[in-house]
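Participant: The primary structure of each chain is shown beneath.
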Amino acid sequence: MKSLSKKLPTLLLAFLLPLTSLTPLGCTEKDTEVALLRNDCLKRSVGPNVVGLDIEFAYAMATPYGAGRIVSACVEADVAGAPETWLEHRSYHTDRETGADVGVTVGNPSVNDGNRTTVEFTVDTCAATLRYYYRIPEEARGKSVTFTFSATSSAGETVSMKMGPYAISKMDIKKNISARRAARFLSIEDMAVYSAADAAKIPEKIDLVYLRPDGNSPYYNTIGPAFVSPAADPQYMPGVTLPAGATNDTKIRKEYGVHDRHLATLDGQNAVSSGVFIDDVDFETIKLDDMPDYALGLRQYSCLWVETHDGRYRAFIYISALNGDGVTSCTIHIKRLKMK
Amino acid sequence: MATFSKKISLISLLSLTLLMSLAVVGCSGSYPIDEDGLLVTDRAECYVSNFELLGTDHLTVRVEGELPAIDTAACTINIKTKFGTDLKHLYPQFSLVTDAKLEPKITGLTDFSDLERPRQYTVISGNRKVRKTYTIYVEVEHL
Numbered sequence: 001m002k003s004l005s006k007k008l009p010t011l012l013l014a015f016l017l018p019l020t021s022l023t024p025l026g027c028t029e030k031d032t033e034v035a036l037l038r039n040d041c042l043k044r045s046v047g048p049n050v051v052g053l054d055i056e057f058a059y060a061m062a063t064p065y066g067a068g069r070i071v072s073a074c075v076e077a078d079v080a081g082a083p084e085t086w087l088e089h090r091s092y093h094t095d096r097e098t099g100a101d102v103g104v105t106v107g108n109p110s111v112n113d114g115n116r117t118t119v120e121f122t123v124d125t126c127a128a129t130l131r132y133y134y135r136i137p138e139e140a141r142g143k144s145v146t147f148t149f150s151a152t153s154s155a156g157e158t159v160s161m162k163m164g165p166y167a168i169s170k171m172d173i174k175k176n177i178s179a180r181r182a183a184r185f186l187s188i189e190d191m192a193v194y195s196a197a198d199a200a201k202i203p204e205k206i207d208l209v210y211l212r213p214d215g216n217s218p219y220y221n222t223i224g225p226a227f228v229s230p231a232a233d234p235q236y237m238p239g240v241t242l243p244a245g246a247t248n249d250t251k252i253r254k255e256y257g258v259h260d261r262h263l264a265t266l267d268g269q270n271a272v273s274s275g276v277f278i279d280d281v282d283f284e285t286i287k288l289d290d291m292p293d294y295a296l297g298l299r300q301y302s303c304l305w306v307e308t309h310d311g312r313y314r315a316f317i318y319i320s321a322l323n324g325d326g327v328t329s330c331t332i333h334i335k336r337l338k339m340k
Numbered sequence: 341m342a343t344f345s346k347k348i349s350l351i352s353l354l355s356l357t358l359l360m361s362l363a364v365v366g367c368s369g370s371y372p373i374d375e376d377g378l379l380v381t382d383r384a385e386c387y388v389s390n391f392e393l394l395g396t397d398h399l400t401v402r403v404e405g406e407l408p409a410i411d412t413a414a415c416t417i418n419i420k421t422k423f424g425t426d427l428k429h430l431y432p433q434f435s436l437v438t439d440a441k442l443e444p445k446i447t448g449l450t451d452f453s454d455l456e457r458p459r460q461y462t463v464i465s466g467n468r469k470v471r472k473t474y475t476i477y478v479e480v481e482h483l
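Those sequence lines, one after another, are chains A and U. The numbering of the first sequence is the working numbering, which starts it at 1 and goes up by one. The numbering of the second sequence is the working numbering, which starts it at 341 and goes up by one.
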């Protein structure tokens, strides 16, 4: 024990000496220059990136007090966003008492120029966090998008950082479709409902028929709210006259309570907080072989996986509301993927 | 110092001996485990206490208000499903007496559409000595 105590200082010295001798070699003058302007970024939106929706970021930039001010911030996407793309000209912070986001204007509204979205600062500030909303354009469908965020200070410094690449989904979304007796013929290709007169013009496009027997109907309890394929057994759609030529045999799989966040939070009054997202891979992997061509007894929050007769489309239909007996309408939201 | 070390060793040895003896006592009365990793117990009871059929949406397809008729003597279950029920894609759901298990296992959607040849499931008691095969008769509601 005693000998170890004696050896320890010698060992430490032997270890530290080479380290101290290496230090002057490692630190050149160039390395000691530390950028004063710093930035950071995080992606705020979650779930699949769907054409027509936004990808949201929060971009933070700061330089030490007294080391100049921020003069501009810019985001460049490698696929130009839709015209609705914008960069906030307000910097947000959380109110200490209410917990609400409070925006402080720091510059002029953003300007889109091709792939670039820029905000010129108009106030003397050394720190800001701007939010960026990239509205996913049709051109990005099925591709991936990368973003370069950058900021410039009055001291002439520029910092930048890349975010992504982010895969853009191939699916489509259509929200708030009101199916009702007067417009009960649903086309997955068009993601729209048609009246009997309009459906008669495009019978080959009609994939589903919406039914909603009245409270005094003998079918009220047995069939209830339903979506039925035109080729289904007529006993599943009593009282319905199909447009001539409507013969599609659509496969349907019932689900319940799959509150896809894109669809379930869209109609406001029935907003459901959810972390569930239907993504492209779900359409590609769902087993719909041998499924029936009708779905009876639906209720609020019922969902349907659907495959069109020709196999070109698969869709996920979310029922957010079934209105009362007097109205008999149903609010649906659709996600759809073209399969071939 | 040497005395202290000796005492520590003695305590450690005693503790180990005690632990080992406890382990032996603990294992001596335990139940054997079957091929599914389930405990084989002393229970000889063998019956289905409840039965349900669920659709692909995990909601019951049973006609509202009509409970399944479970005959534990005849080993039959009669269940009436709603009009239009897709019998090819159903999840059967059994409640069994304590410690019993089911054969075959339910691993996913099951086809009940062949009404001529109703599906059969065997309940095996906790002691694995009693087996009772239940036949499930499905009737679909008509308009």
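Please note that the accuracy of each hint is not assured.
Among chain A residues calculated to face chain U with C-beta under 10 Å, some are [said to hold, decoys possible]:
id: 1; residue: V71
id: 2; residue: Y133
id: 3; residue: V159
id: 4; residue: T222
id: 5; residue: Y236
id: 6; residue: H259
id: 7; residue: R261
Between beta-carbon pairs, the in silico distance windows are [said to hold, decoys possible]:
id: 8; chain 1: A; residue 1: G47; chain 2: U; residue 2: D376; range: 33 to 41 Å
id: 9; chain 1: U; residue 1: L399; chain 2: A; residue 2: N323; range: 39 to 47 Å
id: 10; chain 1: A; residue 1: D214; chain 2: U; residue 2: G448; range: 33 to 41 Å
It should be emphasised that the hints constitute simulated quantities derived from the structure, not laboratory data. Virtual Cβ for every residue (Gly too), placed ideally from N, Cα, C.
Participant: Decide, hint by hint, whether the structure agrees.
Facilitator: Structure-based check of each hint:
no. : hint                         : result
1   : V71                          : violated, 57 Å
2   : Y133                         : violated, 36 Å
3   : V159                         : violated, 51 Å
4   : T222                         : holds, 4 Å
5   : Y236                         : holds, 6 Å
6   : H259                         : violated, 13 Å
7   : R261                         : violated, 19 Å
8   : A:G47 to U:D376: 33 to 41 Å  : holds, 39 Å
9   : U:L399 to A:N323: 39 to 47 Å : violated, 21 Å
10  : A:D214 to U:G448: 33 to 41 Å : holds, 37 Å
This entry does not satisfy hints 1, 2, 3, 6, 7 and 9, going by the numbered hints stated previously.
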